[in-house]
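Enquirer: One letter stands for each residue in the lines below.
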Amino acid sequence: MATGAAFSGWLHRAADSDIWWSFKSSPMTIAAATATFLIVAVAFLSPVLAPHTPFDPATLNLSDGLKPPVLLSADGDWRFPLGTDDQGRDILSSIMYGTRLSLLVGLASVVVAMALGIVLGLLSGYLGGTVDAVIMRVADVQLTFPAILVALLIDGVVRGLISVKRHDEIAVFVIVGAIGLSFWVQYARTVRGSVMVEKNKEYVQAARVIGLSPLLIMVRHVLPNVTGPVLVIATINLGLAIITEATLSFLGVGLPSTQPSLGTLIRLGNEVLQSGDWWITVFPGATLAALVLAVNLLGDWLRDALNPKLR
Amino acid sequence: MFVFILKRLLQSVAVLLAVGFVAFSLFRYVGDPINAMVGQDTSAEERETLREKLGLNDPAPIQFLTFIANAAQGKFGLSYRTSEPVGRMILERVPATLELSFCAAIFALFVGVPMGVYTGLYPRHWTSQLFQAVSLIGVSLPTFLIGIVLILIFAVWLKLLPSFGRGETVDLGWWTTNFLTWSGLKALILPSITLGLFQLTLLMRLVRSEMLEVMRTDYIKFARARGLTNRAINFGHALKNTLVPVITVAGLQLGALIAFAIVTETVFAWPGVGQLFIQSVQFADIPVMAAYLLLIGLLFVVINLTVDLLYFAVDPRLRSQGGAARVAGH
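Protein sequence lines, in the order shown, are assigned to chains Z and A. According to our numbering, the stretch in the first sequence is residues 1 to 311, in order. According to our numbering, the stretch in the second sequence is residues 1 to 330, in order.
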């Protein structure tokens, strides 16, 4: 009972909050949130919902290859509502599994970038001096290049260090690491700026006076006060991370075709685009565009809603 | 102002040295230059002699200096993949990338800025609202998807334009150009639009918001009170004062254009430097990657520096501030 009451109390507070009000009053945001929720739900339920398991070779039949979408052609087959690719894989199921992988890689790389950025930003802001100088100069040099170039380069270096076969097995981790390493700068700079403001406030001085270790002060006292802006950057970067992964996979240096994300599916479809089999590449492309647009709209809304200056 | 320029120059050199160091570490420690040069059956002693001869046993700082000196002369070693000199491979492909980026930049500037001016002057008109909505989608779509959609419509369905390669090019000895043949010009259209579209939407949104801001200022009201024509006000007074941020963004985006040419070149099988870079990433061809990194680093540093210096040419306020800072410094 007690938890029920606490929960309803929390609900009342949430329903009264500014954020909920700004969410309710923007139809675009509600549409974006609904779309995001639907895509995420379908993607993560793909093992249950998908009509086929497209990357299990035993279930494929070459005679099902290159079927067009059902509603647009008489050659369609109701078992494959969005058609099939040249191997006879169901496009709809491939998209569902691919979206799940794209989302997972996007989320994981945002988490990696955020963790790295927070740690380096805290160290840089709290310790200052040489540590700060070194970290910020590295950040400056990295900012000279677009993130996608950095990610490409990291991926290429990893390929140089390990064999190609081994690379395919750990491709997901390589790609998450490459994107994470190329997006940490923004978090580090934001955290550093906030930490430099926070560290001179009374509560930090008090913590120092009672003899807490710097590590404890950073993690328990400073960090909770700098998370707001970091979370906003993370939401906005999620769309960018998904696009970066899709671009790398499209270029053929991301996820291999045995483990296709949306970008890989678009690349595979693009290879047969000239023959007019457009559905293999257009449907994954449209899914990617819808996902990124919805996530970006949500991120923009969150940034405006959490920024008191814009109200 | 002089102090500022000197500081910026030193900073640029430092960034370049850092990039050079990364490229050197890649070249020297990730790949083994010896393995690329000799066969499987070369004995350990022969390898050691070659190592000594190439200076690979020298102290690391000396090797770094040699690497930088060679790079400055365009010597980047041999590609692991084709065994050709990397410098020549890149040089052969530079014209394709530069011509593509140039056309994309022209497209973005000459369509994006007028669209921005228009939407900034008449924000309530329905065409402005349409431009705004389209530009939102343009910012969210990844480059390669735009390319694929254009190929599908104009090459596969309408069969109007070619979808891959440069078409016929004219060899001018040291430069191959698309501009002198009909098929070369046609081949440029789709890739340039694909590459320039993101920059176009970016410029349009920037010019729009700047114009909206400038049109509210007192000097525009005063110009109207003086009875100047709309044309003189819109272009002579308003647009001119939006130029500082536009130059920054346009300049910085020029670098992004050349970097994103990697994606566009892959979509359209365009034989440029970006395509070479992707192939070298796929094959872990370290010398090509190191050389590309150095070139792009140099390019970005030069662009950033030029943009900073252009401020002084465009904004007289900065010149006097720089002067004031110098006086204060003495």
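Be aware that one or more of the hints could be misleading.
Claimed, not checked - Taking lysine to any residue pairs in the SDA-like style, the calculated list, with each CA pair at most 25 Å apart, reads:
1) A:186 with Z:272
2) A:7 with Z:131
3) A:159 with Z:68
4) A:7 with Z:223
5) Z:24 with A:132
6) A:53 with A:87
7) Z:199 with Z:160
8) Z:199 with Z:272
9) Z:199 with Z:223
Source of the hints: derived by calculation from the structure; they are not laboratory data.
Enquirer: Run through the hints listed earlier and report the numbers of any the structure violates, in increasing order.
Expert: Those not satisfied are hints 4, 7, 8.
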